[in-house]
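Engineer: Starting from two chains that each stand alone, build the complex the way the hints lay out.
Chain order of the listed sequences is X and W.
Once you know that position 168 of the first sequence is 168 in the numbering used here, the rest is easy, because the numbers rise by one and skip nothing.
Once you know that position 321 of the second sequence is 321 in the numbering used here, the rest is easy, because the numbers rise by one and skip nothing.
Rather than coming from a laboratory, the hints here were simulated on the basis of the structure.
Straight-line C-alpha distance at most 20 Å; calculated SDA-like pairs for lysine to any residue:
(1) Lys-237(X) with Tyr-73(X)
(2) Lys-82(W) with Arg-160(X)
(3) Lys-102(W) with Leu-93(X)
(4) Lys-204(W) with Arg-59(W)
(5) Lys-168(W) with Gly-157(W)
(6) Lys-237(X) with Thr-8(W)
(7) Lys-102(W) with Phe-13(X)
(8) Lys-102(W) with Asp-145(W)
(9) Lys-102(W) with Thr-14(X)
(10) Lys-123(W) with Thr-14(X)
Cβ-Cβ distance ranges computed for the label pairs, FRET-style:
(11) Asp-67(W) with Gly-132(X): 46 to 52 Å
(12) Met-1(X) with Asp-57(W): 25 to 31 Å
(13) Thr-131(X) with Ala-106(W): 52 to 58 Å
(14) Ile-183(X) with Gly-122(W): 52 to 58 Å
Coverage of chain X stretches by chain W, computed from C-beta distances (three or more under 8 Å per stretch; other residues unrestricted):
(15) 3 to 9
(16) 75 to 84
Every residue, glycine too, gets a C-beta built ideally from N, C-alpha and C.
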Amino acid sequence: MTTLLATERIKLFTTRSPWWSTLLALGMTIGFAALVALNHSGGPLTVRHSQFGAQFGLMIVTVMAALAITTEYRFATIRATFQAVPHRTAVLLAKTAVVAVLAAVIGEVAAFGSWITARVIDGGPEMNLVTGGDWRAVAGLGLVYAVGAVIAVAVGTLIRQSAGAISVLLIWPLLVENLVQLIPRVGEDIHNWMPFTAVSRFTDSTVPGPIGPWASLAYFAGVAAVLLVAALAVAEKRDA
Amino acid sequence: MIEATGLTKHYGRTVAVDNLSFTVAEGRVTGFLGPNGAGKSTTMRMVLGLDRPTSGDVRIDGQHYHDLHQPLRTVGALLDAKWVHPNRSARDHLRWLAAASKIPRARVDEVLDLVGLTGVAGKRAGGFSLGMSQRLGIAAALLGDPRVLLFDEPVNGLDPEGILWIRKFMHRLADEGRTVFVSSHLLSEMALTAQDLVVIGRGKLIYQGTVEDFVEHATESTVLVRSPQLDRLRDLLRAEGSEITEITEDGDALRIGGVASAAIGELAAANNIVLHELNPQVGSLEQAFIQLTGDTVEYRTEEHRSEEHGAGEHRAGEPAGNGEVTSG
Ligand SMILES: Nc1ncnc2c1ncn2[C@@H]1O[C@H](COP(=O)(O)OP(=O)(O)OP(=O)(O)O)[C@@H](O)[C@H]1O
Ligand SMILES: [Mg+2]
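This is chain W alone, in the form it adopts within the complex (with noise of 0.2 Å):
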């Protein structure tokens, strides 16, 4: 378990993390959303002891990084897959990184076999490809055998194939119970990867929680109706609901806010209105995602938090909605 509390980093006049607090439990993958520059790997630095937070404390398993005994083996890092010097071998790299914190040799190799290493072991990792400088660094990372390991943007620039590798291989440490705390830029990425969420803008938090209650949050869903009798179905939904967030014309059909779709059909049902078209409309991540985390930041913190507030009473009305996603 990674805790961090009162997190902050200044670095001269630019505050690069803010006040930042989240824990990230184990035996699941989280995801630590943000955009560029919002603070991702200057929290990952400081999780490591690399830089010193300006103030407030981050704990892994209640301890310090500082004083854990050979960390190596507590806490598995791939914070950069550059960090390795060009002119030495990627077995040479794992040999000394297993020196300092005794391990034996042997598992050098287990760990290159690993990732699939082994043919290009003895060559110099300054010739590496991005995906083998990649697959280099999950191997120091799990060097140790951690039972807690942080990825910070591992799938940048790797093909399709690379991320899946590297997706399943997340999953996998998860599934052995590790802590697993991954950075990325993409939620489309984070929805397919991780389990939880810690998604912070300019070095502040603005969610923590599941990867389902953000996505459902982040996005604004919408119902498209298409009926020969729209004008009865539209004052009856304004008669009905008090849920309803919107009703606009979209060509010869209405986009409506804040209702299932079942509410609607159902309703359309009650009243003999035929229906030709009821369709359900998921906005997209990335574009909420940009409008959650962007310029707006602290305004848009604000107004997620009283829409938290609401989903207590929201999941009441519509029970049918995520009940098997969230079970998960």
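Next comes chain X alone, as it looks inside the complex (with noise of 0.2 Å):
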């Protein structure tokens, strides 16, 4: 297993779109904080603020990620890995695990950062991390972003192409989950079960939900998993 890992690791980072990634989630995150901090009035600064460009990161690393495989179908590059380790299962483990990595150091990275940008701007006692929330919404940024580029990974290989699974990626999050509020009766509960919105009650204590934050990421997790268990499977079954 370290030795794909190793593969894998040598095979995304010898491409561009991690790095462009990489810089555009930061500067997204981190500058949005920034305009927060310097454009905020009424009420003192808070975590939470600090935070407002996190959705956006999520979205690119969610892109990055399901670009490290589907570029690989795109250039038949997954041929070669296949020829290489026929053990299907294997090699995409090892993939999903290192493009999640990298999008948990995102993650981090930009939490904290937007974090300190803000308090160097506009720095009260409101943007201490004083509650596990405040933790969560900075620290916790990292496994959000890592589950979801489980989830883009899994939605890549199971599409294999770079422009479907990329609308899927970010129509999914920006309208199917919140226009499901429109079904009667039952839209607002179909709404709250919706791994996204879910997960942000992880992030955001101000949201309210039926469960509670770390059970909110085990579901986003939960989903991530049965995605990724069925992309495998698919994966093993069709032609390379």
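Structural biologist: As structure tokens, this is what we get:
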């Protein structure tokens, strides 16, 4: 497995997309933190405010993670990969792990970078990390990004196509999860159990929901696990 | 050695490969011949475990590809030179392949040198010419120093120099005792590159054997004879030859099929017939190949079988014909 992890690490970092995705994600999150801190008015600046760009960062990370697998299909390097290591599940797990670790690192750097930036600009006592909620909002972001990356790799593996996978990964959290609220009677319940909505309760304790923050993260991870298992099963079965 | 038994692949309604059985021996270059869409690439993908056979089985030295430990050390393949990330450098491409099979880093530079890409190793593969891409693909195939090599149409789109280079390369690999399986849709190319042939049409096996035998069977050989005593010669040939398949007038000459030129010359000499011309003519390889693998695959396959049965008697009758050629 260490061999596979090393292989996937080389593959990931010898293309450009993870580099510019990282820069873009960090620029977006930290940039938004600075903007929010500079333009804030009415009440003290809080830890939550510093994480305003977290959603954008998550989107960039999921796109990066999806591209890590869809470009392999696009350029058929997935065939070279399976030729070198015919155990597809092992290969794809290694790739998922490497991408998830990168996502986690991006998440941590983005969150702490945003927090520090906002603090430097406008640091009051509300900017201290005191409660569990404060810590989850900042240190928890890496976990969310990592699980989000797993979902993206799974979706990318299932769809195999960059445009398709990216569309799904952007439209789902932005539109679908919100539009389900329009369904009469059950809409609100369904909305609450949508994965990206659920995980927002982990980093933002102000969002109400049926389960607690850690349970929400676990639920998000459960969805990722189900998608990943499906993706692995499909990849094992179909022609490369 | 590669062994396929009853290999079959359906894509929806398309039958790409149809109950295909063949073996590829080591120490020889085996050509895999078939027209476009015959199923060559599909077969090769199944050898590498990339596509799952609908039924049947293919093994490499007795093992399924999936069960090979670090398969790049056993099987090297170049199915498509484009299977490279365009933004990755040639060296990085080989580096990750090497890492996947725990092949030492030094080997990467070794194979780059072997194919003459050392100078551009740091350049992005997306900017490579077709010839350079092909060389990179060959470098990748050789990375694990494998004893079995697969190449899918490696000379496609190459200039004559590149074609010659690849041809020599194949010979060298086979001389080193490796199994070399190389596909093409050009019989003329395979006649120069390969010693053995596996010929398919529409996914079905048409022929397996040596190149010489195939060429001999596939091409219609005739002899052109010019003589002032043509009428007598024709009568004699008719009286003599049970083997004669064809006698046609060709201007002031006769075109005779099924008899070696030597036999005609001897017959003429024995009967004091003057010959002005005695000219063996070999039909076009490509023409014959198209006939064999074309629309009438089913029918031709049958015909070919019956020809094969007859081949033994034929050769006994004309020992001088190809003894030295087939011994190689
Ligand atoms: N992935 C696929 N999905 C559907 N049909 C396919 C697929 N791959 C191949 N085919 C079909 O299977 C048949 C055999 O194709 P294949 O590419 O193996 O032929 P080939 O002998 O390599 O031809 P060529 O000389 O053109 O490379 C063709 O009819 C092709 O259209
Ligand atoms: Mg092909």
